[in-house]
Structures are given as structure tokens and as C-alpha cells.
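*Asks:* Sequence:
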Amino acid sequence: MDGRPPLHYHEHSNIISSIKIDYEDKSQDDFFKLLLNRKTTRNFDKNKKMSFKDLSILLKYTYGIHGTRSLYDSDIVSVKKTSPSGGDLHPTEVYLLVMRVEGLKEGMYHYNTGKDELSLIKEYSFDEAVEKARLFSAGQEYTSFSSVMFFLTTRYYRNYWKYRKNSAAYSVTIRDAAHLCQTMYLICTKLNIGCYTAAINHSNIEDEIGLNPFKQGVVMMAGCGVIDENPTILLEPKFNKFN
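Per this note's numbering, the sequence shown starts with residue 12, numbered consecutively.
In silico lysine-lysine, DSS-like type, Cα no more than 27 Å apart, as pairs:
no., residue 1, residue 2
1, Lys116, Lys201
2, Lys44, Lys252
3, Lys201, Lys37
4, Lys201, Lys60
Calculated directly from the structure, the hints in this document are not laboratory data.
Work the whole structure out from these sequences, hints included.
*Replies:* Pasting the structure below:
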């Protein structure tokens, strides 16, 4: 190690031959354009609110249920969502710190996917909500300018019930949250809403929500808000086109 990071791509050291992949330019196709436009936003307009309609769409099509079925002729229910989940268990819950949403009080909410409802857990003043954002994101100021922070938690026994002796069960729950986060990014891109992920103080969030982290713990956070079209400080990198 010479202090430099590893190269941005990897070449295997023992190859037999190489074949160029054969692809056509899809950058003008609507779906592929959406993929290419996906990015992390950190410049938000703190003077504008996200619409409740956009938030509702984001919740339903990222985290919501779109189909159910019974397993083994029992009362055990499997659900269909827009993201895959290991064992079709979907153990991830989402809690929202709302700061700037039209028609919603500032506070901590839980999205009840079984009823398509937002349940208010704690109500804050605007200043309290903004301060919570700073606390939960370990002091990252830009998060307090966004509209909503989404805390993704795992109900561990939803997975461990099925995979009781599989040491990989925990890693499956992490992948579950990651799938949801990417779906959220794409929907935000479609809605022209800025989206981001950031480091968080897990224990502060769990204490605030009232979770027992051995049963349901915070896995990651994603946030979104109204994009600042004229930022004074540019927090987002520009990339050169590749090929």
C-alpha cells in the first residue's frame, strides 16, 4: 500500500481471452435515460416544500404493497413490492422525519403499508425537526434542508423465522434495504425530486422511535427534497462522460 486507493475498476490477473461487449446507445430511451439521470442530490431549496402527492407516490411505489398471497394454505402472508426481497419476506419498515411537506405536520411518522397510512409517532416544531435531522445525520447540515428523511429498519424475526440457522440471514436484510433505496432513487428521479443517502447515528434514531434494536433496528437512511436550482455552494460532483 502506497497511500493511494485501489484503481476505480478491477482487472483479473489470470485471463485466457477478452471479448468486447456489444451494446447500442440507449441514452435516449426513456427508461435508460432515467437510469443514467439517477444521482445523489445534496443541494436542496430549504424555502420550498415537497408536495404530499409526490410523497404519497414515493411511499406507495417504493415501500408499498402491490399484491398479497397466503403461504402453505395458512394465515402466513407473502407480499409483492416493486423491489425484490430475500425469501419474499420484506422485513423492512420505513419511518419518516417530516420537515417540509405540504399539509403535513412536522414530526416522526411510520408508514403502515397494510393500510396505506402515515401514523404520527411524535410531533415536532419546525426547529425541532430540523435539529433532529442534524442529530440523526451526525451533523451533516444539508440533510436539514431536505423535505423528508426516511429511516429504513429491519424486523429481524420476520427473516429469522424462516432462516433460523442460516448465518447469511442478516446480510439478506441489508440487501433488502439497499434494493428499496435504489428504487426510491429512481422514483425521485422520475418525479424530479432530489434524493440522497448519508451516515446516521443509529442509536439516536432507534431511541427516538422507541425501538428495541435486537428486534427491529435501523439499517440505513435515505432522504429527499426540492432541488435547489441555483445553489451558492455546489455539493454535487460533475462527471466526465465515459465511452
